[in-house]
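Asker: Protein chains in written order, with the working numbering: chain A, 11 to 245; chain B, 11 to 245; chain C, 637 to 857; chain D, 637 to 857.
Certain hints may be false.
Unchecked claim - Pairs of lysine to aspartate or glutamate residues, derived as EDC-like cross-links and limited to a Cα-Cα distance of at most 20 Å, are as follows: (1) D/Lys707 <-> A/Glu81; (2) A/Lys173 <-> C/Asp734; (3) A/Lys164 <-> B/Glu157; (4) D/Lys745 <-> D/Glu781; (5) D/Lys774 <-> B/Asp175; (6) C/Lys774 <-> A/Asp175; (7) B/Lys170 <-> B/Glu157; (8) D/Lys823 <-> D/Glu651; (9) D/Lys695 <-> A/Glu244; (10) A/Lys242 <-> D/Glu781; (11) A/Lys170 <-> A/Glu244.
Just so you know, these hints were derived from the structure itself, not from any lab.
Just so we're clear, the structure is a prediction, and the values are computed from it rather than from any experiment.
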Amino acid sequence: MRDKVVQVLEIKMIDKRVNTFEEALQGIADSSTVLLGGFGQAGSPVELIEALIDQGATNLTVVSNNAGEGEFGLAALMKAGRIRKVICSYPRSSGSFIFEELYESGKIELEIVPQGTLSERMRAAGAGIGGFFTPTSAGTLLSQDKEVRQIDGKDYVFEKPLKADVALIKAHTADRWGNLTYNKSARNFGPAMAMAADLTIAQVQEITNLGEIDPEHVVTPGIFVNRVLEVKLEN
Amino acid sequence: MRDKVVQVLEIKMIDKRVNTFEEALQGIADSSTVLLGGFGQAGSPVELIEALIDQGATNLTVVSNNAGEGEFGLAALMKAGRIRKVICSYPRSSGSFIFEELYESGKIELEIVPQGTLSERMRAAGAGIGGFFTPTSAGTLLSQDKEVRQIDGKDYVFEKPLKADVALIKAHTADRWGNLTYNKSARNFGPAMAMAADLTIAQVQEITNLGEIDPEHVVTPGIFVNRVLEVKLEN
Amino acid sequence: MPLNRNQIAWRIAQEIEDGSYVNLGIGMPELVANYIPENREIIFHSENGILGMGPQPEKSEEDGDLINAGKKPVTLLTGGSYFNHTDSFAMVRGGHIDLCVLGAFQISKNGDLANWATLDNSKPPGVGGAMDLAVGAKNIFVMTEHCTKDGTPKIMEECSYPLTGQGVVNTIFTDLAVIDITSEGLKVREKINEISFMELQNKTGAPLIESDIKELSPPVL
Amino acid sequence: MPLNRNQIAWRIAQEIEDGSYVNLGIGMPELVANYIPENREIIFHSENGILGMGPQPEKSEEDGDLINAGKKPVTLLTGGSYFNHTDSFAMVRGGHIDLCVLGAFQISKNGDLANWATLDNSKPPGVGGAMDLAVGAKNIFVMTEHCTKDGTPKIMEECSYPLTGQGVVNTIFTDLAVIDITSEGLKVREKINEISFMELQNKTGAPLIESDIKELSPPVL
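Work out the full structure, taking the sequences as your base and the hints as a guide.
Answerer: Printed below as a string of structure tokens:
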């Protein structure tokens with residue numbers, strides 16, 4: 011009789027909340043392809059990325075709009091020698107000296123993808139699309155080795171989905187089902203990356219109770235999110 | 011001097027609000043391709059569709075998930091003899107007798123498109139994608155005359171964007187910039203259709219002042235919307 | 637006794653893992669939601685833009701803007717969300733739905749599914765989201781009577797009706813048996829006691845594999 | 637006097653139609669926002685997910701989560717909205733942006749644009765959203781000095797630098813002239829009075845067409 015009562019009380023709940031960086035990053039393997047959210051610093055999961063240094067995964071292929079700045083976040087992970095290749099749209103900025111050193115000494119591989127194509131390729135991966143034709147980069151160096159098809163008189167370049175093992179993103183609010191909202195222009199690549207990875211991990215400013223995010227206002231539904239970690243930051 | 015003062019006061023404003031069905035539907039030409047929002051009755055712009063009967067456009071190709079029910083909305087437009095062809099995923103329902111009569115007597119053309127492909131084709135049109143490969147319908151009748159490509163060992167069917175002249179959709183709230191929010195599952199095809207048409211007309215339950223829709227909660231940004239008409243309906 | 641529809645639904649519900657994202661096809665599969673074991677939290681997806689779909693509301697609480705793929709009024713659970721059709725089918729096609737339960741006209745021994753059109757061309761066909769679901773969900777369960785009303789097997793060597801998807805079905809749940817589609821063939825995992833393996837084989841249009849068959853015995857429902 | 641950057645920006649701003657959706661490229665084109673005539677309502681798009689982008693905030697009001705494509709703090713106008721990168725580039729690629737103003741290294745007579753990479757391979761290149769904008773916006777205006785610092789023409793028969801887009805530029809606004817790219821060739825629409833047509837031609841690497849040239853005379857800025 012007692013057993014039965016206990017069983018009834020132990021209703022399992024979907025709970026994507028984790029309490030530590032260690033739990034959040036558990037299982038990320040060497041040689042993974044890792045998507046890193048953010049456009050510059052807006053939406054960059056700096057704390058998760060830095061925790062990945064301790065986690066230890068190496069030989070990573072990283073997809074990110076930029077290639078890091080200063081010596082924090084992505085730049086720190088690069089400096090720690092964990093990144094084999096960067097896929098991005100715009101690697102250089104005033105503070106991207108760590109990337110530039112590695113690039114110029116041939117220690118890091120670089121693949122340049124136009125910004126809209128980068129996002130669309132991840133979206134395609136998440137949406138089960140096998141590939142798509144985009145007019146972007148037609149007739150340029152970036153489509154040199156790619157299939158080009160004329161459709162209704164215009165040149166289009168064939169692009170393949172960009173699927174990943176892991177996505178590290180930053181959102182604003184989460185609940186235990188993994189529903190996410192973002193803050194202003196920090197939304198950027200988060201939604202596409204969340205869809206495109208087998209394991210999506212979000213650091214958020216705040217974890218709220220289930221139901222506190224209005225169902226009309228959920229930006230990334232929990233189905234695309236595996237783990238959420240609250241990392242409170244000063245604004 | 012007086013002239014100058016008047017000029018300063020007459021600051022132009024972007025104003026997508028219209029006051030009558032006539033204004034809303036102005037310029038829709040015969041033989042247009044028209045997207046009609048809604049999944050069953052949820053999100054169906056019934057009043058706009060019925061006003062299209064008075065507007066007079068004929069020989070239309072209509073894209074809609076369903077083929078109408080009863081004798082209102084899409085079914086009424088069909089009954090009025092304005093529709094040459096229907097592109098939809100699921101034409102038959104318990105109340106689709108008008109469509110069925112026209113179909114069985116050969117008076118209306120039918121193109122069946124899988125529901126997800128239908129939405130994706132409109133999204134592709136709105137996003138400037140020239141075409142995409144989807145696994146949906148591979149090996150079935152619906153891909154019989156289409157290009158099939160094996161990608162990573164799986165068959166994919168090539169689908170082209172579905173662009174339209176006009177979209178008639180129903181949303182919940184709008185402002186003068188054309189920003190839209192929707193209500194619950196009535197959102198359905200609205201966002202994809204708004205993107206895919208040259209002229210997007212939304213009937214909404216309520217037009218609010220600019221700024222009353224939280225910028226984080228806009229579902230269809232005004233850039234995809236040309237005209238909004240308030241049509242108050244009892245719930 | 638062959639299972640009634642509620643009992644087939646019950647059997648499928650037992651198979652759904654805790655925390656799964658599940659889409660239930662229109663019609664008979666909708667019954668599955670009624671029999672999810674109480675200690676499991678399952679998130680139901682509806683292709684018209686809902687995650688966390690809840691049960692039918694009271695008549696007075698019905699909302700024409702909150703319906704399921706079968707266009708029947710539903711509710712939203714706490715934690716649910718709304719999204720547009722494109723995003724909804726991204727979930728489907730992109731392999732984010734763990735399980736979809738679909739009805740069937742016919743199923744072939746290699747997992748082909750036919751459930752959208754017959755050979756009657758006088759009526760307009762309608763595919764809805766079936767082809768997207770068939771090819772997109774991680775697992776496809778079929779829920780069906782074992783034979784048609786006139787006794788013709790629905791499980792066969794090859795489907796004669798137009799296909800919905802090729803090689804997509806994982807497991808077939810019928811009123812008589814539970815059958816896994818494996819690389820070796822149709823493996824009977826469970827059957828009702830009242831029928832012998834040979835009788836089951838006779839009602840099936842493709843060879844069945846017999847090995848360690850358990851009893852299919854749902855409660856009275 | 638050749639125009640300064642503010643004056644080129646002013647000239648471009650006069651050309652922007654009321655109610656337009658406009659994307660201003662990173663750098664010099666950002667200046668255009670400062671000179672929009674007061675009676676026009678223009679909606680600025682930023683490819684990192686903003687429509688209705690407003691001016692730079694006071695230092696104390698800066699928000700690291702509200703930046704433009706150049707990663708500088710901005711504000712949002714009443715009526716503005718936020719969206720994700722994929723939707724943002726759907727707007728761009730799908731032809732929903734009326735006008736994009738871009739900088740240029742080189743422009744060819746048929747409207748090819750080179751503005752993302754030089755021939756120096758020692759530095760890593762970066763394309764950002766330039767290729768998407770070049771091919772997607774309904775109209776592309778180029779804002780540039782007429783020649784490089786050493787006097788080499790930037791408008792030429794064919795670009796020697798890697799292209800951003802083929803045949804995408806509609807009009808070139810320089811410190812000396814306004815030049816439309818037409819099927820007949822480079823049509824000078826306006827030029828500053830201080831320079832003759834021949835002098836302008838000498839500073840241009842492709843043939844110019846002279847017909848009804850107006851004076852390019854912005855206010856002192």
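Asker: Each of the hints needs a verdict: does it hold here or not?
Answerer: For each hint, the structure was consulted:
1. Between the alpha carbons of D/Lys707 and A/Glu81 the distance comes to roughly 18 Å, so the proposed pair stays at or under 20 Å and holds.
2. For the hint pairing A/Lys173 with C/Asp734, the CA-to-CA distance comes to about 18 Å; that is within 20 Å, so the pair holds.
3. With a CA separation close to 19 Å, the supplied pair A/Lys164 and B/Glu157 stays within the 20 Å bound.
4. As the CA atoms of D/Lys745 and D/Glu781 are separated by approximately 16 Å, the hinted pair is consistent with the 20 Å bound.
5. Of the pairs offered as hints, the one joining D/Lys774 and B/Asp175 holds, with about 17 Å between alpha carbons and a cut-off of 20 Å not exceeded.
6. Note on C/Lys774 and A/Asp175: the hinted pairing holds, with a Cα-Cα distance of about 17 Å set against a maximum of 20 Å.
7. With a C-alpha separation of about 11 Å, the suggested pair B/Lys170 and B/Glu157 falls inside the 20 Å cut-off, and the hint holds.
8. For the suggested pair D/Lys823 and D/Glu651, the alpha carbons sit about 17 Å apart, so the restraint of at most 20 Å is met.
9. Distance hint between D/Lys695 and A/Glu244 is fulfilled; the C-alpha atoms sit about 17 Å from each other, no more than 20 Å.
10. For the given pair, A/Lys242 sits about 47 Å from D/Glu781 by alpha-carbon distance, which is inconsistent with the 20 Å threshold.
11. A hinted pair counts as satisfied when its Cα atoms are at most 20 Å apart, and A/Lys170 with A/Glu244 does not qualify at roughly 39 Å.
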